[in-house]
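Student: So the chains spell out like this:
2 protein chains.
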Amino acid sequence: MKSRILTGIVGAALVFVVLLFLPPIVLNFAMAVICALAMYELLVTTHHVTHRGVLAASILFSACTPFFMLGESRMPAFMLLLGYVTVLVLFQIICHQSLKVEHTAFAFCMSLIFPVAFSCLAYLRGASERDGIFYVFLGLIMPWMCDMGAYFVGTFFGRTKLCPGISPKKTVEGLVGGVVVSVGSSVLAAWLYQILWLNSHGGTVSLWQVALLSLLCAPLSVMGDLFASIIKRQCQVKDFGHIMPGHGGIMDRFDSLLLAVPLLYIVVQYFPLVY
Amino acid sequence: MKSRILTGIVGAALVFVVLLFLPPIVLNFAMAVICALAMYELLVTTHHVTHRGVLAASILFSACTPFFMLGESRMPAFMLLLGYVTVLVLFQIICHQSLKVEHTAFAFCMSLIFPVAFSCLAYLRGASERDGIFYVFLGLIMPWMCDMGAYFVGTFFGRTKLCPGISPKKTVEGLVGGVVVSVGSSVLAAWLYQILWLNSHGGTVSLWQVALLSLLCAPLSVMGDLFASIIKRQCQVKDFGHIMPGHGGIMDRFDSLLLAVPLLYIVVQYFPLVY
Numbered sequence: 538m539k540s541r542i543l544t545g546i547v548g549a550a551l552v553f554v555v556l557l558f559l560p561p562i563v564l565n566f567a568m569a570v571i572c573a574l575a576m577y578e579l580l581v582t583t584h585h586v587t588h589r590g591v592l593a594a595s596i597l598f599s600a601c602t603p604f605f606m607l608g609e610s611r612m613p614a615f616m617l618l619l620g621y622v623t624v625l626v627l628f629q630i631i632c633h634q635s636l637k638v639e640h641t642a643f644a645f646c647m648s649l650i651f652p653v654a655f656s657c658l659a660y661l662r663g664a665s666e667r668d669g670i671f672y673v674f675l676g677l678i679m680p681w682m683c684d685m686g687a688y689f690v691g692t693f694f695g696r697t698k699l700c701p702g703i704s705p706k707k708t709v710e711g712l713v714g715g716v717v718v719s720v721g722s723s724v725l726a727a728w729l730y731q732i733l734w735l736n737s738h739g740g741t742v743s744l745w746q747v748a749l750l751s752l753l754c755a756p757l758s759v760m761g762d763l764f765a766s767i768i769k770r771q772c773q774v775k776d777f778g779h780i781m782p783g784h785g786g787i788m789d790r791f792d793s794l795l796l797a798v799p800l801l802y803i804v805v806q807y808f809p810l811v812y
Numbered sequence: 538m539k540s541r542i543l544t545g546i547v548g549a550a551l552v553f554v555v556l557l558f559l560p561p562i563v564l565n566f567a568m569a570v571i572c573a574l575a576m577y578e579l580l581v582t583t584h585h586v587t588h589r590g591v592l593a594a595s596i597l598f599s600a601c602t603p604f605f606m607l608g609e610s611r612m613p614a615f616m617l618l619l620g621y622v623t624v625l626v627l628f629q630i631i632c633h634q635s636l637k638v639e640h641t642a643f644a645f646c647m648s649l650i651f652p653v654a655f656s657c658l659a660y661l662r663g664a665s666e667r668d669g670i671f672y673v674f675l676g677l678i679m680p681w682m683c684d685m686g687a688y689f690v691g692t693f694f695g696r697t698k699l700c701p702g703i704s705p706k707k708t709v710e711g712l713v714g715g716v717v718v719s720v721g722s723s724v725l726a727a728w729l730y731q732i733l734w735l736n737s738h739g740g741t742v743s744l745w746q747v748a749l750l751s752l753l754c755a756p757l758s759v760m761g762d763l764f765a766s767i768i769k770r771q772c773q774v775k776d777f778g779h780i781m782p783g784h785g786g787i788m789d790r791f792d793s794l795l796l797a798v799p800l801l802y803i804v805v806q807y808f809p810l811v812y
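As you go down the protein sequences, you meet chains P and L in turn.
Taking the numbering used here, the leading residue of the first sequence gets 538, the next gets one more, and so forth.
Taking the numbering used here, the leading residue of the second sequence gets 538, the next gets one more, and so forth.
Same shape as in the complex, but just chain P (with noise of 0.2 angstroms):
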């Protein structure tokens, strides 16, 4: 718990450091050993894919992906998607007889959905030039204050089990717990935002759009991280690496925002959360 706890705090210290005092590519660089790392667990660790050129070329194109949304165009995105879809068909056409197209196949859905989804924190940040740092505080409060509430809730009250065969661990009393907590940390963070900064340089952020948009979140943050527990309980390991002590690797950590963090991205496109 001790080791879990300083984690957290030096994981937050350096998620401050690089969206208050560090330029905005730097978001994106630090995603990009965020995926690249996470696709090495997901293939590497859990032994799912032995072909180093697959790995190679899936951790490359992760690592690419939080660069997809810099410019207007979709064309650079659309040439390294082919292109890695090229090096794939080649590795299977070369070593058809030892690589199955399944393993090829799940290299490719793997590093195509998780780092796009953790992208999209760089992506937000891109998304508002005034409210493009509170959007990704919003997009890694929503989920890990939903992990964190599942977590000590579930811990003192849990009773009944969520799910037993994926997540012995998770209760509903849990999840309930995570919901309400990052329902009302986002809030506080927007109520927050809104005192300090916004009453000085202008703009009202909408607290009820917020909330509502938390409470969207905070269950699919649970879908994320049951998905991840799929994965390794098919894959028959227990975390995804040790990068983080306290917390296990790093998809261990980021997965819950498999599809929370993507639709945050998407519903601030169409509803800004400050006006």
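Among the clues, some could well be false.
For chains that are exact copies, the list does not tell them apart, and a pair is met inside one copy or across any two.
Unchecked claim - Derived BS3-like pairs: lysine-lysine, alpha-carbon spacing no greater than 30 angstroms straight-line:
| hint | residue 1 | residue 2 |
| --- | --- | --- |
| 1 | LYS637 | LYS698 |
| 2 | LYS775 | LYS637 |
| 3 | LYS539 | LYS637 |
| 4 | LYS706 | LYS637 |
No lab work stands behind these hints: they were computed from the structure.
We have chain P; now place chain L onto it with these hints.
Tutor: For chain L alone, coordinates are given in the frame of chain P:
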């Protein structure tokens, strides 16, 4: 052989009608049908994915891909992708005991790479007001003429096996013949476009650029074909279907488009073939 030629003539007539006499959006809908059928073949005929929900979501998503590039915004495609991933994750959680992650990943991978590749025909149509139709014809001529050239040259002159472990009938002589026929047909089509249309309406097609592009696309179309053969071989099916007498399924006819047409689409964005 007779049914093969007859089906080919009917198919070609259909292509001409859709491209020359019907509004552009009809091509999008035609590709939607082809993508849906192709996915049905890839997932159902191979017996690789049996979960009805995953199948329905994958076929529905595939049918939407031809419309991805219609507007200026990236958001609708991104929303559809997130919706599709969310549905897959949900099914994976509900049926975690019977549904393997690698089968879901296979469905996701196939529903993305083949339909998006086929949809590039529709994207090509929209890529240029004047030359879109010519680009679509090129996108069909390059891979299909390569297939046909390889088939006939291979039948008469084939000596050296190309990759007996994947496709025992393919020969190196056939490959060379296919590339030559593909380049020749593309240049011929471009020349016809020049004298039948551009000479009276203005514009010059770059024949050497068409030849060079075709020289790149022809081997890529063989790679697409081989990749589909590996899928068939690993899933132990002979053909993807019987919808096109003499040709097999939609996938058997369209598999060679996998890498060639997306490359064509990307290249004409940066280097239009007609000035």
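Student: None of the hints should be skipped; say for each whether it holds.
Tutor: Results for each hint:
1. Taking the shortest Cα distances, LYS637 and LYS698 sit within 30 angstroms of each other only across copies (23 angstroms), while inside one copy they are farther apart (37 angstroms).
2. For the identical chains of this complex, LYS775 and LYS637 are neighbours both inside a copy (24 angstroms) and across copies (18 angstroms), given an alpha-carbon limit of 30 angstroms.
3. For the identical chains of this complex, LYS539 and LYS637 are neighbours neither inside a copy (43 angstroms) nor across copies (36 angstroms), given an alpha-carbon limit of 30 angstroms.
4. For the homomeric pair LYS706 and LYS637, the shortest alpha-carbon distance between copies (22 angstroms) is at most 30 angstroms, but the shortest distance inside one copy (34 angstroms) is not.
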